[in-house]
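Colleague: These are the residues of each chain, in order.
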Amino acid sequence: MTETTTMQALARLVPEGSRVLDLGCGDGSMLAYLQRERGCSGYGIEIADANVLACVRRGVNVIQLNLDEGLAMFGDASFDVVLQIDTLQHLRNAEVMLRETARVGRTGIVAFPNFAHWPNRLSVLRGRMPVTRRLPYQWYDTPNIRVGTYKDFEALAHKNDLRILDAFGLQEGEAVRFLPNARAGTAVFHFERSA
Amino acid sequence: MSFIATPQSMHFPDALPLQSGASLRDYHLAFETYGQLNADRSNAVLVCHALNASHHVAGRYAGQDKSEGWWDNMIGPGKAVDTNRFFVIGVNNLGSCFGSTGPMHAHPDTGQIYGADFPVVTVEDWVHAQALLLERLGITQLAAVLGGSLGGMQALSWTLQYPERVRHAVVVASAPNLTAENIAFNEVARRAIVTDPDFHGGHFYRHGVIPQRGLRIARMIGHITYLSDDVMNEKFGRQLREGLDLKYSTQDVEFQIESYLRYQGDKFSEYFDANTYLLITRALDYFDPARAFGGDLTQALARATAKFLLVSFTTDWRFSPKRSREIVKALLDNRRSVSYAEIDAPHGHDAFLLDDARYMGVVSSYFDSIAKELA
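Chains as they are written, first to last, in the numbering used here: chain A, 21 to 215; chain B, 272 to 646.
Don't read these hints as lab results, they were simulated from the structure.
Any given hint could turn out to be false.
Residues on chain B that point at chain A, a partial pick, calculated with CB under 8 Å [what the hints assert, rightly or not]:
1. K538
2. R594
3. V599
4. L603
5. Y611
6. A612
7. G632
8. V633
9. S636
We put the beta carbon where it would ideally sit given N, CA and C, even for glycine.
The whole structure should be built from the sequences, with the hints applied where relevant.
Modeller: Structure below.
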C-alpha cells in the first residue's frame, strides 16, 4: 500500500511538524514524505534488512527491531503520532502493539486491509479465501496472520479504551465514509487513549 | 590490490593532562591519512581503533604484500567510506605499541623506558589527544567519527567531549560500558600477563625478556570471546589435529581448536606489548560516560548533538546488541537523530571487521548521505 494517493490520504492525518514513530516503516517512503512535505521528524521501526538499508539510503532514521518484542525502548507519549500502516496484520501480538501504540503516541493511526470489503465477502461466499490486489496471497502462504475487518477494529479499539478521532475506509486512494466496512479495501483509524 | 599508505608521526611537546591526574609530555602520535581534505575542510572522517589495531586503517605499505590496514575492506577508493570523497584519518592511541608513544618508549625526563610507569590512559584521554592532532591538521569539525568495539567507545566519547566538532558518529559493535563479565575476561588476560615470571612488574625490557606466555594466554581468551560458538563449531568442531585416533594425552595438542588458539597466541605474543595490553584493557574497563550521572546514560548523552548510526551483530556476545540498544534508547530519550541496524551475522564480535553485504551496505549508504551534505 505505497501508492502515492493512499500515502497522501494518510499523511493528511498527521499534523505539520509532528514527531512521528512509524511502526513497520517499510522502505521509509512515508516518513520521507512526511519529513519533506509536512516538516515532520521521527523514526521508523523495521525488522527486514532490505528495508533498513532502504531507509538509511533515503535519509530516514530507522531502528531495526522486531515489533513482537514490544516498544520498551520508547517512553510514554514520546511521539505526537505513531503510525501502523499495513503492519498490524503481520503482528503476533497485534493487541499488545495497539496498546503500545497508544502508550507511546499522543495519537495513533492504524491502516490495514479490511477483510469485509465486498469482493472478499463474495470470494468467501463462493467458498474460497480472497486473492486480490490488496490481499494478493494464497491462504497457505500469506504473511497476513491477523485477518480483521473495519468493524472488528472498532470493537478492539473500544475494548482497549481508545477514543476514535476519525475513521474511514480507503479505496483507490479515496476516502470512503459511507459503508466503509463493505466498500473499502483499507480501514483507517485515527485514535488516542481515553483520558 | 589496495592503495599505498604512508605512516606519519607528529610530536607534541606540551603536557597532555590525563584523567588520572598524571600527564604525558613530549609524546608522538602516529597517524595515516587517505584522500584529500576539501577546500572548506568539511570532509574529514576520523577512524578510531580497537584493542590490537593501529593507525594503519587502510591501504598497504609500499613493497609489503599482505600489509593491508585492519579496516581496508571498509575504507578506500570506492569503498563504504570512500576516500575519493572523504579525508580519512587513522590515529594510533597513546600507550599503544604500534608507533605512538607507549610503554616501550623512553620517559623524556629520565630517558628510561616507561614500562609499567607509563600512565594509565582512558578513552577520554585518547579522544583528547586525537582532538589535538586534528587541530594541528587544521580540522575544526569532523564529518564523521567512526569506530568499532573500543573504537566505537571513542566515537561515542567524541560526541560527548567535543559535541560541536562532530556531525556524525558511527558506532559499531560497541557498548556504553563493559559488563562485569566483560571486565572479568580482561582481568583473566591481565593476570596471565602479570603472573608470567618474565613480566618483572612490567619492567621486562630491562631484563631483555618478554612475557610471551602471559600474552599468549591473554590472546587465547580474548580470541574465544571474539568468535561465536556456531562459527567455532563450523570451523573446528571436534576435529582432531592429527589422524583419527585419540592420543589420550593431557598436555599434547589434541583438538584442532587448541592448535588454532595456540597459533593465534604465538603470533600475537611476537608483536604485541604486554604493558600495552594491560593499558588498553584497563581503558575498556574504565569507560563509562554514565558514571558521572549516577549511571543514567540518557543524561550522559544529553550533550551529544551528532547524528548517529549504530550497528551491532546478533551473535556478538562480547558487545551484544542489547548494549547497542542501550545507547540507541538514550539517544531516543534525548530526541537525537539515530539509526540502528542489527546485522544477523554469524561471526560474533569479529563480524565488525568482516565483509557482510548488509553491514557494508548500511555503512556505505550512511556515508553516502553524509557525502550529500558536503555538496
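Colleague: Any hints this thing doesn't respect? Which numbers, in order?
Modeller: 1 and 2
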